[in-house]
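Visitor: The residues making up each chain are set out below.
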Amino acid sequence: MFSTLKSADVAVVGGGAAGCLAAIAAKDSCPDAEVVIVEKASVRRGGSVACGMDAINVVVIPGLSTVEGLVRAQMSAAHGILDPAVIRAVGEESFSILQDLESWGVEFPHDKKGHYETFHQWAARDSGSAVTSISMAGDLKGILDREVSRRGVRRVEHAPVTAVFSEAGEVTGLCALDIRRGELMVLPARTVILAAGSGARFGLPENGVLHAVFDCPACAGDSYALGFHAGAELINMECVKRYISVRYFNGPGLAPLSHGGRLVNSLGEAFLDRSSGGGLELNNFMDLFSAMLREMEAGRGPIYIDTGHFSEEMTAELERCFFTTERPAFKKFFDARGWKIGRDLIEIHLSEPVLCGGHGINGLRVNARAETNVKGLYAAGDAAANATSLMGAFALGRIAGREAARFAKKTGTKAMDSGRVQAEKERVFAPLQRAEGIPPALLERKVRLMVNHYVDNPKSEGKLKTAQSRLSRLREDLSRLKAEDLHDAMKAVEVQAIMDCTEIVVAASLERRESRWGVYHRRVDFPDRNDGEWKKFVVVHKGEGGRISVSTGPIPGG
Amino acid sequence: MKEQTALAEAKYEVDCWYCGACEMDCPTQAIDVKLPYLVA
Numbered sequence: 175m176f177s178t179l180k181s182a183d184v185a186v187v188g189g190g191a192a193g194c195l196a197a198i199a200a201k202d203s204c205p206d207a208e209v210v211i212v213e214k215a216s217v218r219r220g221g222s223v224a225c226g227m228d229a230i231n232v233v234v235i236p237g238l239s240t241v242e243g244l245v246r247a248q249m250s251a252a253h254g255i256l257d258p259a260v261i262r263a264v265g266e267e268s269f270s271i272l273q274d275l276e277s278w279g280v281e282f283p284h285d286k287k288g289h290y291e292t293f294h295q296w297a298a299r300d301s302g303s304a305v306t307s308i309s310m311a312g313d314l315k316g317i318l319d320r321e322v323s324r325r326g327v328r329r330v331e332h333a334p335v336t337a338v339f340s341e342a343g344e345v346t347g348l349c350a351l352d353i354r355r356g357e358l359m360v361l362p363a364r365t366v367i368l369a370a371g372s373g374a375r376f377g378l379p380e381n382g383v384l385h386a387v388f389d390c391p392a393c394a395g396d397s398y399a400l401g402f403h404a405g406a407e408l409i410n411m412e413c414v415k416r417y418i419s420v421r422y423f424n425g426p427g428l429a430p431l432s433h434g435g436r437l438v439n440s441l442g443e444a445f446l447d448r449s450s451g452g453g454l455e456l457n458n459f460m461d462l463f464s465a466m467l468r469e470m471e472a473g474r475g476p477i478y479i480d481t482g483h484f485s486e487e488m489t490a491e492l493e494r495c496f497f498t499t500e501r502p503a504f505k506k507f508f509d510a511r512g513w514k515i516g517r518d519l520i521e522i523h524l525s526e527p528v529l530c531g532g533h534g535i536n537g538l539r540v541n542a543r544a545e546t547n548v549k550g551l552y553a554a555g556d557a558a559a560n561a562t563s564l565m566g567a568f569a570l571g572r573i574a575g576r577e578a579a580r581f582a583k584k585t586g587t588k589a590m591d592s593g594r595v596q597a598e599k600e601r602v603f604a605p606l607q608r609a610e611g612i613p614p615a616l617l618e619r620k621v622r623l624m625v626n627h628y629v630d631n632p633k634s635e636g637k638l639k640t641a642q643s644r645l646s647r648l649r650e651d652l653s654r655l656k657a658e659d660l661h662d663a664m665k666a667v668e669v670q671a672i673m674d675c676t677e678i679v680v681a682a683s684l685e686r687r688e689s690r691w692g693v694y695h696r697r698v699d700f701p702d703r704n705d706g707e708w709k710k711f712v713v714v715h716k717g718e719g720g721r722i723s724v725s726t727g728p729i730p731g732g
Numbered sequence: 002m003k004e005q006t007a008l009a010e011a012k013y014e015v016d017c018w019y020c021g022a023c024e025m026d027c028p029t030q031a032i033d034v035k036l037p038y039l040v041a
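Chains as they are written, first to last, in the working numbering: chain H, 175 to 732; chain P, 2 to 41.
Simulated from the structure, these hints should not be mistaken for laboratory data. Any given hint could turn out to be false.
[To be verified] Cut-off 20 Å, straight-line C-alpha distance, at most; resulting in silico cross-link-like pairs (SDA-like, lysine to any residue):
| no. | chain 1 | residue 1 | chain 2 | residue 2 |
| --- | --- | --- | --- | --- |
| 1 | P | Lys3 | H | Asp662 |
| 2 | H | Lys549 | H | Phe581 |
| 3 | H | Lys514 | P | Leu36 |
| 4 | H | Lys505 | P | Glu24 |
[Claimed, not checked] To give a feel for the contact side, a few chain P residues facing chain H, derived at Cβ under 7 Å:
| no. | residue |
| --- | --- |
| 5 | Trp18 |
| 6 | Tyr19 |
| 7 | Cys20 |
| 8 | Leu36 |
| 9 | Pro37 |
| 10 | Leu39 |
| 11 | Val40 |
| 12 | Ala41 |
Please read these numbers as outputs of a predicted model, since none were measured by experiment. Every residue, glycine too, gets a C-beta built ideally from N, C-alpha and C.
Could you put the whole structure together from the sequences, leaning on the hints where they help?
Guide: What follows is the structure, given as structure tokens:
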């Protein structure tokens, strides 16, 4: 039930887009480095781009957009609460990443003049050409998987990481559960890169079955919980994100807009179209969410995408985007509904609440070198607060891999505390040893239902304090979990991560006594945005006695 | 694998996001991803 693996120079937690780019960059930077990806599923399909992606939403292409334009646009979209140096670093890496991806075989279609097929993010209309999006095709994850293999990166798959250890502010290694053999693996590591994705499993989906969020549901906030317990700081955890997706499915609700679709209410009114007299000035997604909510509250919902005016060519292009990349099962959904693009209205809606550093702005706090405040601990992708979507995963992954490999060369392996490893083993296997108890899936459902009812927006002190008190009671149930098998044992670890995230979000939400980011942090008891007092980060870390410590800190360069 | 049917089944339906990768990767085309009744 216990094995110690050969130590790593760079241990990457998660083999998604960020993790793959991190491992590739670490090997490219230091070919002799021992680089390991530890992945809960498989590198081939792990992460949120399992079946590819139809576009990269953030890329700076010389002649079309600038890094400073990107920084301005993202800072505006985040209502001023991001580290501009992180966005700048992503922007500066972005074009060379695009070129690398292309050289590996990822397809970026060109127009008849030979230029990349680009479009402007609908949400960035305020910033002119600042944010460029680019169409993409091909088996992205298969290509990344191959590039990882070509470089001799070691991989440990079907192994959820259960803990990352640090001693005296410096990382020492990690523990992972071998889900096939039932062993706790101990991996001493000079550096660890947290790239285990978002908190996709946060709120419960409204239909009770299928996630409406774009992130892989294997991501249960592991990155945030692992980082928190290793001593890393988190920021913007009060920002509880929702996506706009096709209702009851995790298909991108706004993608049709980039293809010429119109957003309409149930009266058929294009309520965001200035020419229709709607008169709304949209600065970013948050304003869009607010506008949708207003329509619904005024009795003019549901909200639809109208593609009735599409030509056959436009219909074919949107069908290609929807049905062949990202979510091939989307076609089954359309068929089941009897919907046809170009003919029927497509209902869109806000997803359940989710935590995400790439689509949203919450996560581990990193600097432009992807470093956390713990020496040797890095974060990339949805794990890190960056708001630059898939390019953020690629770029921060690459930066983290490069920096970690260089740092590993200068530092020695620190001993992992055997007492803490033993305690971790007992924690992970305890639910398997109980004769009876609460199934982890049941506790998860209870916690996530509570997220919907007491943690999600609109927030108030009363609701948040109720959540705090109920969470404190539910903590006691962790010692009563009963796992039927190793998969269940993993779920027991995951539900602890979900609870950690929930408690962190509640603490941060109570601290920020204002409203910001539209429907992301809407305190009904403090309804206004207050830049004078709150244009700063709410920072969370693990304090004395393991308790959540909350403070505030300035925005760098702000 | 479910003994009664000799078919592979997802242990937790709620943990599947219907990406369809299993259907695409199956070497014998034995997998058919069916959307849950509540969704479709």
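Visitor: Can Trp18 (chain P) be said to touch chain H, with a Cβ gap under 7 Å?
Guide: Cβ of Trp18 (chain P) sits 5 Å from chain H, so the hint holds.
Visitor: Using 7 Å as the Cβ threshold, decide whether Leu39 (chain P) counts as touching chain H.
Guide: holds (5 Å)
Visitor: The hint names Pro37 (chain P) as touching chain H; please verify it with the least Cβ-Cβ distance against 7 Å.
Guide: Hint holds; Pro37 (chain P) Cβ to chain H Cβ min 5 Å, cut 7 Å.
Visitor: Does Lys549 (chain H) pair with Phe581 (chain H) here, judged by a C-alpha cut-off of 20 Å?
Guide: Holds - the C-alpha atoms of Phe581 (chain H) and Lys549 (chain H) are around 9 Å apart, at most 20 Å.
Visitor: Holds or violated: Lys514 (chain H) with Leu36 (chain P), Cα cutoff 20 Å?
Guide: Judged against 20 Å, a Cα distance of about 18 Å means the pair holds.
Visitor: Hey, Lys505 (chain H) versus Glu24 (chain P), does the alpha-carbon distance stay inside 20 Å?
Guide: Given pair Lys505 (chain H), Glu24 (chain P) holds - Cα atoms ~14 Å apart, limit 20 Å.
Visitor: For the hint on Tyr19 (chain P), does the least C-beta distance to chain H fall short of 7 Å?
Guide: holds (4 Å)
Visitor: Taking the least C-beta to C-beta distance, is Leu36 (chain P) closer than 7 Å to chain H?
Guide: holds (5 Å)
Visitor: Report holds or violated for the interface hint on Ala41 (chain P), using the least CB-CB distance to chain H and a cut-off of 7 Å.
Guide: Cβ of Ala41 (chain P) sits 3 Å from chain H, so the hint holds.
Visitor: Within a Cα-Cα threshold of 20 Å, do Lys3 (chain P) and Asp662 (chain H) meet the stated pairing?
Guide: Holds. Lys3 (chain P) to Asp662 (chain H) sits at ~17 Å (cutoff 20 Å).
Visitor: Does the interface hint hold: is Cys20 (chain P) within less than 7 Å of chain H, judged Cβ to Cβ?
Guide: holds (5 Å)
Visitor: Verify the interface restraint on Val40 (chain P): the C-beta must sit less than 7 Å from at least one C-beta of chain H.
Guide: holds (5 Å)
Checked against the numbered hints above, the structure breaks none of them.
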